[in-house]
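Peer 1: Quick note, the sequences are listed as chains Y and C, same order.
Each step along the first sequence adds one to the number in the numbering used here, with nothing skipped, and position 90 is 90.
Each step along the second sequence adds one to the number in the numbering used here, with nothing skipped, and position 66 is 66.
Just so you know, the hints here were simulated from the structure itself, not pulled from any lab data.
Do not rely on the hints blindly, as some may be mistaken.
Claimed, not checked - Only some residues are given here: those of chain Y computed to face chain C with a beta carbon under 8 Å:
#1 L122
#2 L153
#3 G156
#4 P158
#5 A205
#6 V208
#7 E231
Note that CB positions come from ideal geometry on N, CA and C, so glycine has one too.
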Amino acid sequence: MTVKKAASLESEGKVVLPGDEVLRIPEHGQIRIGPGLQQQGSKIVATRPGVVRVAAGSKVWLDSRQRRYVPAEGESVVGVVIDRMGESFNVDINGPSTAALPLLAFEGATRRNRPNLRTGDLVYARVVVAHRDMEPELSCMDVHGTAAGFGPLEGGLPESVTTSHARRLLSQPTPVLLRTLAGGLSFELVVGQNGRVWVNAPDTAATVAVANAIQQSEGLSEKQAATFAQELLNGLQATRAVKTE
Amino acid sequence: MPGPTGSLVSSNEAQFILKALKEGHRVDGRQPLDFRAVKYKLSEDDSGAEVLLGRTRVFTAVTAELAAPFGDRGNEGRVSYHVELSPLAVPTFEGARAGGASPEVTALLERALRDSGAVDTEALCVVAGRKVWSVRVDVHVLSADGNIGDAVVLCALAALLAFRRPAVSLGGSDGSQIIVHSKDEKESVPLSVHHLPFSITFALFEGGQLIAVDPGRSEDICCEGHLTAVVNAHGEVCAVHKADGCPLSTDQIMRCIRAAVSTAENLTTQLRAAIESHERARIAQRVRRHTVPQDALNGAQQVPVS
Numbered sequence: 001m002t003v004k005k006a007a008s009l010e011s012e013g014k015v016v017l018p019g020d021e022v023l024r025i026p027e028h029g030q031i032r033i034g035p036g037l038q039q040q041g042s043k044i045v046a047t048r049p050g051v052v053r054v055a056a057g058s059k060v061w062l063d064s065r066q067r068r069y070v071p072a073e074g075e076s077v078v079g080v081v082i083d084r085m086g087e088s089f090n091v092d093i094n095g096p097s098t099a100a101l102p103l104l105a106f107e108g109a110t111r112r113n114r115p116n117l118r119t120g121d122l123v124y125a126r127v128v129v130a131h132r133d134m135e136p137e138l139s140c141m142d143v144h145g146t147a148a149g150f151g152p153l154e155g156g157l158p159e160s161v162t163t164s165h166a167r168r169l170l171s172q173p174t175p176v177l178l179r180t181l182a183g184g185l186s187f188e189l190v191v192g193q194n195g196r197v198w199v200n201a202p203d204t205a206a207t208v209a210v211a212n213a214i215q216q217s218e219g220l221s222e223k224q225a226a227t228f229a230q231e232l233l234n235g236l237q238a239t240r241a242v243k244t245e
Numbered sequence: 001m002p003g004p005t006g007s008l009v010s011s012n013e014a015q016f017i018l019k020a021l022k023e024g025h026r027v028d029g030r031q032p033l034d035f036r037a038v039k040y041k042l043s044e045d046d047s048g049a050e051v052l053l054g055r056t057r058v059f060t061a062v063t064a065e066l067a068a069p070f071g072d073r074g075n076e077g078r079v080s081y082h083v084e085l086s087p088l089a090v091p092t093f094e095g096a097r098a099g100g101a102s103p104e105v106t107a108l109l110e111r112a113l114r115d116s117g118a119v120d121t122e123a124l125c126v127v128a129g130r131k132v133w134s135v136r137v138d139v140h141v142l143s144a145d146g147n148i149g150d151a152v153v154l155c156a157l158a159a160l161l162a163f164r165r166p167a168v169s170l171g172g173s174d175g176s177q178i179i180v181h182s183k184d185e186k187e188s189v190p191l192s193v194h195h196l197p198f199s200i201t202f203a204l205f206e207g208g209q210l211i212a213v214d215p216g217r218s219e220d221i222c223c224e225g226h227l228t229a230v231v232n233a234h235g236e237v238c239a240v241h242k243a244d245g246c247p248l249s250t251d252q253i254m255r256c257i258r259a260a261v262s263t264a265e266n267l268t269t270q271l272r273a274a275i276e277s278h279e280r281a282r283i284a285q286r287v288r289r290h291t292v293p294q295d296a297l298n299g300a301q302q303v304p305v306s
């Protein structure tokens, strides 16, 4: 029996509470368990309230609304620089503790050529080390050592969302809300998997509109999100028309 | 920059807030003088109210007991106000210090509702010199998303309007025994509230040139100061509170007060509407409907409706 069949037979799409058994470990085959699940003997048990999801046939995970971020290696986050301690920056990534971003973890950085990051700046970085008992470590370079879009974010407006909404915004295909908004506006969007997003558009009204749309669209169905985005665009165009008259 | 409650606002956000305000926008889509929509949930058992101001959530419980009056005010009852900032709202609200915000909020609440004479304390007298009602208002801030002060005053006011105290009468052999009636015996009595004062806070930017009413979380933290005006819909100013931040000229203060009065008019209408619909729901809940069986009707008898 494949895992997919097992999970879809029993608990896929079901709402579980911490302690509920989600799955029995099958005798054959492999399962990968994702966030929110823990192995207890021969059972896989939920550690958070959420909905059971199965992906790609063998990965089982919990979809739960959570604001606090649990750092995981390889994820990309938007952080706020809190201060500089020695050879690294202290960055708040909305997790249980602050993270360390070494001064040299930037493309082309040397001891003489320091990155231009001040306290209070927003920075887009990758989580390099994330262990339960240690302070997480970030980097503004990808695995090959190039900047790849990481680094300080200039201007724009940050917004706070749940971590699950952030993941949905990053999923493929592009969510209908973003597609619709992009149809009528041009804007830059950086989504941190830690629940912090950053929006930058040429004019203030558009930036505010997009940032609020993203935050308020959590929980909307595809159709609702499309309608919501279209109404927002119409409203923006109407105010612009009034201004130019 | 770190805020007083330990929450963080990036310099990007702080700069954007200012830039947007200069263009007449606020980061949550409001206009500078737009107060957030208020949602009221008045308790069915007449004990208090919950208020949602945007995502700031406050709950108030009102209780009353008979007590001896204070020496020099024999014919007045009293109302005491207590505010608790729960760590649920902001994690740094823990322990006795409570981030330093609690005494200021309690003081604002007392000035707004007690010192303005909103609640009639003489109506709380039962037997002059012997027994008066002592009303206790406990406000709990459950969720903080900016402008806790205004939300606290609003919730305390709504709770005082929703509260019902037991009816009392004097009886006994010599007419001096106080009988407290249960709700089933006699309808409980609302408090006598003279007027509805609202606390309206403005966040100040650019040395007072730019103002934003009912600041959100990040506006609260990166503004240059706050001005609070406690006014009612009649245009009466009950208090003006400015505890910190950039200095303001009299013109700027008057501008805020005028904006506060027009906001108070809207808030008054909304609060009255909420109280009225709550009243209707209360009465509807207590009407016991008596269904008449068909054969009794055929007998053409008058069936009393209880």
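Peer 1: Hint by hint, say whether it matches the structure.
Peer 2: Outcome of the hint check:
A least Cβ separation of about 5 Å between L122 (chain Y) and chain C falls short of the 8 Å threshold, and the interface hint therefore holds. For the restraint placing L153 (chain Y) at the interface with chain C, the shortest Cβ-Cβ distance is roughly 7 Å, inside the 8 Å limit, so the hint holds. Satisfaction of the interface hint for G156 (chain Y) is found here, the shortest Cβ-Cβ separation to chain C being roughly 6 Å, below the 8 Å cut-off. Interface restraint check: P158 (chain Y) against chain C, minimum CB-CB distance 5 Å, threshold 8 Å, status holds.
Nearest Cβ of chain C to the Cβ of A205 (chain Y): about 6 Å, under the 8 Å cut. The hint holds. At its closest, the beta carbon of V208 (chain Y) sits 6 Å from a beta carbon of chain C; the interface hint therefore holds under the 8 Å criterion. Below 8 Å, beta-carbon pairs count as interface contacts, and E231 (chain Y) has none with chain C, the closest being about 13 Å; its hint is therefore violated.
Checked against the numbered hints above, the structure violates only hint 7.
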